[in-house]
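Keeping their order, the protein sequence lines are chains A and B.
Per the numbering used here, the first sequence starts with residue 26, numbered consecutively.
Per the numbering used here, the second sequence starts with residue -5, numbered consecutively.
Hints should not be assumed to be uniformly reliable.
Example chain B residues on the side facing chain A (calculated, C-beta under 10 angstroms, incomplete) [as the list claims (entries may be wrong)]:
# : residue
1 : Gly193
2 : Met211
3 : Ile219
4 : Pro288
To be clear, the hints were calculated from the coordinates, so they are not data collected in a lab.
Note that beta-carbon positions come from the ideal geometry of N, C-alpha and C, so glycine has one too.
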Amino acid sequence: MALFTVKDLAIHFGGIRAVDGVSFEVEQGSVFTIIGPNGAGKTTIFNLVSRINDPTAGTITFNGQDITRIPANKVAKLGIARTFQNIELFDNASVLQNMMVGRHIHIGTNLFSEIFRLPSVTRAEIESRRRVEEIIEFLRLQAYRDSPVGSLPYGVRKMVELGRALAAEPRMLLLDEPSSGLNIEETDNIGMWIKDIRDMLGITVLMVEHDMRLVGAVSDRVMALNYGRLLAIGTAGEVQRDPAVISAYLGN
Amino acid sequence: MHFPMKTSYRDDLHLFKDRSSVVLYLFLFAFLIALPFVTGDYVQSQVTFVFINGMVAMGMMLLVGHTGQISLGHAAFFAVGAYTSTVLEIRGIPFLPAFAAAGALSAIIGLIIGLPALRLKGIYLAMATLAFSFIVEEVIVRWSSVTKGNRGMTVPDASIFGFKVSSVTHVYYLSGVVFWLVVLVIINILRSRTGRALGALRDSDVAAESMGINLAMFKTAAFAISAAITGLAGALYAHKLAYISPEQFGIMLSVEFLMIIIVGGLGSLHGAVFGSIFFIVLPQIIVTVKAYLPQKVAELPVLDSATFGVLVILFVLFEPRGLNGYWVRFKAYLSLYPFYRRGMFRRSRIGSADLIKH
Ligand SMILES: Nc1ncnc2c1ncn2[C@@H]1O[C@H](COP(=O)(O)OP(=O)(O)OP(=O)(O)O)[C@@H](O)[C@H]1O
Ligand SMILES: [Mg+2]
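Chain A on its own, in the form it takes in the complex (with noise of 0.2 angstroms):
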């Protein structure tokens, strides 16, 4: 069974239509990507599985459990992460305390604890640092381990806010126009860590996405969306080649 399914999905505000009855099932260890014009309801998507918005019909399921309606800050401990395409980051904590707080769900200390500083929150916080450490170097930032993320270049918040998603160990990875704003060099990078995260961390991964060149090296799906209903599905060669994907990208 697919670790990821939605189904008839849809979502309207006032008049817009802006996911529109989509289908589709996401693999264990596979990237998932998709595509389409501006204001497709590609972002929503994220936004509905993240639990931002409540959907007008339709079900989302993760790992065999229903999470259509669950609480916003329940999505995380299920193992779903994610990125945003503005970039969400905390500005006014450091690189490292970004990274930490996206281990939140996997410190258990409470308040009392904390207050008295028992041994079990030094030793959560002690474990919690070495992942993330492992995380600042797999990304290659340690050059930017305390500095406040709201002075660093646009390049570099992207990168962090992937490490933030990353520190939170997720199984699903969804990663909203991961290139947007990077230059070749970096978007080929990207495409580096996405194939990583999938084969060496075997983390499954939703993502969103204009490049299409980023999109034909990684995915190993992909769907096409238009006015929140799904043009194509299937491989990047396929999709491309489809007439009404052509059609949508032109008539745009």
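Given chain A's structure and the hints, the job is docking chain B with the ligands onto it.
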């Protein structure tokens, strides 16, 4: 020139950043312990007020600076703490349980105020907490069978295991011990999961929620912790003044608490304490300066409050990081000496992440 060298993750977890700050704090503790032997009641009283205001300011810092929820109701938590401990102690209950009850009741009320705060932000939250403050003041005035209403109450000496905390020096030491314990508690909160969650939800609530942070729980927790600390400070304040009445806990007090953390620097523990010192010292500077002013000017009734107001505006305009901003730069100057250049830190943003590390 001085480089802190860290060799393990544990180094980052220590309470003090390096050996020189350990030495600095040891000197500070020695100074504070010795103070009553070398100064009289007046100085000790002033430092006691710094301890008490400093506690409130740290509690406010956690809520306003760190979590991003404004409050104009902290005078009410302060009052709840003061009245709870006084009412209980008058009935013969010893200080420690009464003190704990003051913190606990303030925390519970903070929790209740925190709930509507979940739906309110910015100016609306300020109004809601302000309204709460009026309600508390009104309750204290009306419930005169317990609070003696507008006549006020005389506060008995604190009794700790039979020992009477009666002199100015006793109260000084008691406040000092509580103050430093509160510092430790807040640092411990800030450097662990709860503290990070609070800072996270201030900067981006969607991202915080997507990392599994329960916004409602942590926002109300911030209110409860902040209120508890303020309530404890209120209990100490009652013992310091030995007499309490409703008008001591008016809206102006809440405004003053807010000004303390703005002048000190939002989001920094040091700033909360610097701001408290500043607000104790400033009136005395004003008095001193007044002696040199022409009598007509010196007698203007608005002079004091106008000076406060102007200072706050100047800080907001020229050093949003407050007194702590100057402190951070001064430390950078010392540690980089002789390589410090003017304007070196002008454009760089020093986030509260760094500032919060004491
Ligand atoms: N919260 C909302 N309220 C009202 N309309 C919304 C909301 N969120 C999205 N929409 C609308 O839904 C449609 C889809 O938006 P969405 O952000 O999902 O597009 P997208 O495919 O991610 O586009 P882009 O490539 O520009 O990021 C748009 O018309 C948008 O205006
Ligand atoms: Mg989008």
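Chain A contact restraint for Gly193(B) - C-beta distance below 10 angstroms: holds, 6 angstroms
Given hint Pro288(B) near chain A, where the shortest CB pair must fall under 10 angstroms: violated, 46 angstroms
Proposed interface contact between Ile219(B) and chain A, which counts if any beta carbon pair is under 10 angstroms: With a minimum Cβ separation of about 8 angstroms from chain A (threshold 10 angstroms), the hint on Ile219(B) holds.
Interface hint status, Met211(B) versus chain A (Cβ within 10 angstroms): holds, 9 angstroms
In this structure, only the earlier hint numbered 4 is contradicted, and the remaining ones agree with it.
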